[in-house]
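As you go down the protein sequences, you meet chains V and F in turn.
Letter 419 of the first sequence, counting from 1, is numbered 448 in my numbering, and no numbers are missing.
Letter 104 of the second sequence, counting from 1, is numbered 122 in my numbering, and no numbers are missing.
To be clear, the hints were calculated from the coordinates, so they are not data collected in a lab.
Beta carbons are placed, not taken as given, at the ideal position from N, Cα and C, and that holds for glycine.
Each hint should be verified, as a subset may be incorrect.
Derived pair list, reagent style EDC-like, types lysine to aspartate or glutamate, alpha-carbon separation capped at 20 Å [unchecked claim]:
#1 V:196 - F:24
#2 V:92 - V:137
#3 V:196 - F:50
Among the chain V residues that face chain F by a calculated CB cut under 10 Å, a handful are [unchecked claim]:
#4 198
#5 252
#6 301
#7 322
#8 345
#9 353
#10 354
#11 374
#12 452
#13 470
#14 472
#15 478
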Amino acid sequence: VTSAPFPPGDYPVVVVGSGPGGLQTSHCLTRLGIGHAVISRDDAPAGMFRQFPIFQRLLSWSKPDAPCRAGTREYEWYDHNSLVSDDPEFQALVPQFMDRAYMVPSREEIERGLAAFAERANVRVRYGCEWTSTRREDDGRLTLVTTDGEYSCQAAVFALGVTEPWKSPIRGIEQVPHYAETKAPREYRDRSVFVVGKRNSAFEIADGLLPWARQIVLGSPRPVQTAVIALASVRVRYLQPYEDWSLGGGTFALDVAIDRIERRGDRWLVAGEGTTQPGAFELEVDDVIAATGFSTPLQDLPELGVSTVSQGRIPALTAFWESVGAPGVFFAGNATQGAAGLRKHGIGGSSAAVHGFRYNARVLARHIAERLGAPVPRETVARADLVPFLTGELTRAPELWAQKAYLARVVYQDGETDVLPLADFVDRPRAGCIAATIELNAEGAVYPVVYTVERDVEEHVLPPHRLNDFDGEEYRRELEACL
Amino acid sequence: MNGKQELTESLAGLALFADLRGPEIEAIADPDWERRFAEGERVLRKGFSGSGFYVILEGEAFVEIEGREPRSLRRGDFFGEVSTLLGSNPAADVVARTQLRCLEIPGPNLEGFLLEHPRVMLRMLQTVTRRLQDLLG
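Bound conformation, chain F alone (with noise of 0.2 Å):
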């Protein structure tokens, strides 16, 4: 399979990237920011600077924070964003829990990336204020 097909396809069947036009998803399709982890693997690690933002393209991961649920992370989910936004440290753990294909925006590419694309920006905004309805119920 062609990879950097695969890779614009995969991007562009997300919720997150569905206002980009081909070209601009052509663009974002950066090999450089593609990440593939084995299960078991920690993606965001708690506590440690210089952490990035990520998409989950394929297979599925967990957020691990203690003395809570492990909640569930698949395709289209995407983690890391306090921190990148924040410039703080993550809290939380998050780990592979079967092979995991992500796009990973570096952390300093973030801010400038959600300035470009402004739609993007709207969209993650939407997820993060449901997330926050469902924590207050």
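Just chain V, with the same shape it has in the complex (with noise of 0.2 Å):
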């Protein structure tokens, strides 16, 4: 008999996934000797990416060579898509499986890099362990109950990705295939599908249908911001629809709110009212998809107080990803969006992507590790070292430039040094204690910016480089004077 690991019990922490969220933070969890559990209802590890994009591209970029050497920190700027380790032998693992037809993986090279990590790395997982309901005792713990038995915690991490189908309120719309039904390209040959949505997954669609279907419409009520997906990680699957439509290839990006989609005969019918530009619509078609996105499957967690943003589709959450309503109950992966950050200029963090929550899981570890009392082991930076440390983390930390204005590297009044979500250093301020950020502009000005704390905290933006380089003199210059 082979033994599954972590039978049902009590536990410190129980982590409910496998997917990379739940990976990372059960690798980090480990790796500050702190007790779990992790149980995932899947039979292996990789989460949402054993099944989608459903094209099977990614949209995340990831470079096998690059200016740093693979398993160094300075190499995970180069590389959005592994899990991330102190230990070199666990880094960089995706573009190993990597064939380099693209600059991006495929959804199998990041489903084994994962594997991979979860092999070399031995994150442990109660595999085929479906979490089913929870239960706040009255002493504050929690207990999930499983479809292998009851586990309580002290803290329950949920890194259940944002996975499960959602479609928007629409008359009709339940009759129509979400995009995870999405059927093979070639079913489309020649028909006019219509797409109602206009994000990721809409244009994953238009992208992956362009040379097989006749026309392609894709609607939703807000416009596309052109100028913004041309600078984001989207724009692979965003400007090629795009470009068939400036040819007048047929396809077509309209804002409209619909107001239903019915059957007529073998055909549908789309019917709504234009947002930017007034008036009625009504289209006939061959097919519709509903790419109206995905929720976090939550389950009974609104029972326990968890609330949500996103039209209820994401878990609201405090800094450091614990819902706003429910202590004790924290969200790892995707889910991890639910933290906004101080969003300045409009722009939020990266947390919906891999290379962003691998940090927050990373620091979300020690901060449970703190909550639960087990000593934190963090590096000591001496007062003469402040600045240059300063400037290297500004010009070189992975972290600070995936996680912009959102993670920070801090320094302690005593030197001891972390990194922490921005939100949480400015709004429970320590004195004496210093925060440094690279932050981004809404004209995409890239540019450090330091906190100090003297009473309140007061910021301090410093100017952008041409070359990112905040390494040099000027720099020193001016972080000397902010200290």
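The two chains are supplied separately, each in an independent frame; assemble them into the complex guided by the hints.
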């Protein structure tokens, strides 16, 4: 009999999920010596990447050969898909499986990279164990009821992904297939297809069907911000259908509030009203696909007080990714986007992508360890080294560049240093501490910002540098002046 | 409850958006603009760059200015327009008194938003003028 790890029982922490968020959190907790169980309803690691994206190609970048050696911390900068570790053996695994046909891995390549991480770093998971309901006990502990029995814990980390097909409330949309049910592209040959939605998954479908469909129309109330797309990692998917549109190739992106979708014989009628351009709208098409997104499968967590944002799809979280309404209920992975951060200039972090949430997981593990009263090792920076240390971090730290204006390099008064959510640093000022971030404004300028604490937190915005090199004399002088 | 419908209906009931057509409200009900804050959390931070414009959908907040009685804000009230429109940093903190739900129009989007919806701009101007009148007694 092979014994599955983590039988039901009492644990300090329970992690639910074996996708990148769950694997990263478990690995970080293990490195800190925090006892925990990991359970997953799947039978293998990699989470949503075992199935999605539907057209088998990711949007996020990894560069197999880069100016830095794979396995180093600096290399993480060039690899947005691998999980991270302080052990070089477990670093940079996804590029090892890439065939280099593209700068972005295929679904299978990232799945293999994540599975390799689980295997090499020995991330143990109780597979085939499904969390079914949750209780809050009188002493504050949480009980997770699963198909294998009950788990009791002080803190639960839900790394569930944003994976449950979600449809916007349009009359008749119930009978429309969701993105997750999209058929093979050849099935759409010479057909007209209406895609409900104008976000990643809608454009992914449009891109995937371009070589097959006769006409593709994307529709949703809000206009697409092409200027934003051009700089976003999703441009690979977005811009191809846009080119087809500009060539008059049969693709359209319409700003319409869809009122109803109904069957017309073997075709569909999509009806609504224009938003940016007023006027009634009706279109008959051969197929409709609801690319309306996914939600976090929260199950009964709202009954424990977990509130949501984004049309009820994402849990609302504190700076340390704890539910706003349910203490001890933490989230990892894609759902960490529920902690919006400062959203300076309207720009949030990269928490919906592996390269952002892998760092959230590391910070979260340290936060949970502290909550449990476990020692958390921190490096110390001598006062004489403080300025070069910070300018070096501003120029090279992958956490700060992946999570702009979201994660900060913090140095405490006694010289100990850590990476923390910027929102926590500015809202819980500790005298004599300093934080440094990389930030981005609406014009796309990238620049360092330093936060010092006297009585209040003071923000010092430093100038941008043509080559993003903040390690020179000018910045050292600027920083010295801030301190 | 369906979040999208709820957000749309919540916006439609506010004086600021009273002149907009249904589809226009739907276009504003951007899920990325919905924000939720825990009790005691800061929504607007004094002295920090890059802030946004907020309209309260649910809950209460207060404006914290040293030496002054905190000014309460509730459903339908908006804040952050001064720093956003003038490109300056907020002169006061705004803190959630209860769990708070807001629509946030990011700073860089506000000008375009107001130009696209002049009736919202007019309603906003009326409110700001009324505040000025109250201040001048």
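Verification of the hints:
1. V:196 - F:24: Holds, at roughly 14 Å.
2. V:92 - V:137: Satisfied, since the Cα-Cα distance of roughly 17 Å is no more than 20 Å.
3. V:196 - F:50: Cα-Cα ~16 Å, so holds.
4. 198: Holds. Min distance 5 Å.
5. 252: 8 Å, holds
6. 301: 7 Å, holds
7. 322: At about 9 Å, which falls below the 10 Å cut-off, the nearest Cβ of chain F leaves the hint on residue 322 of chain V intact, so it holds.
8. 345: Holds, about 4 Å.
9. 353: Because about 4 Å separates residue 353 of chain V from the closest Cβ in chain F, which is inside the 10 Å limit, the hint holds.
10. 354: Holds - the Cβ of residue 354 of chain V comes within 10 Å of chain F, reaching about 7 Å at its closest.
11. 374: 4 Å, holds
12. 452: Since chain F brings a Cβ to about 9 Å from residue 452 of chain V, closer than 10 Å, the hint holds.
13. 470: Interface hint status for residue 470 of chain V: holds (7 Å vs cutoff 10 Å).
14. 472: 8 Å, holds
15. 478: 8 Å, holds
Violated hints: none; the structure is consistent with every hint.
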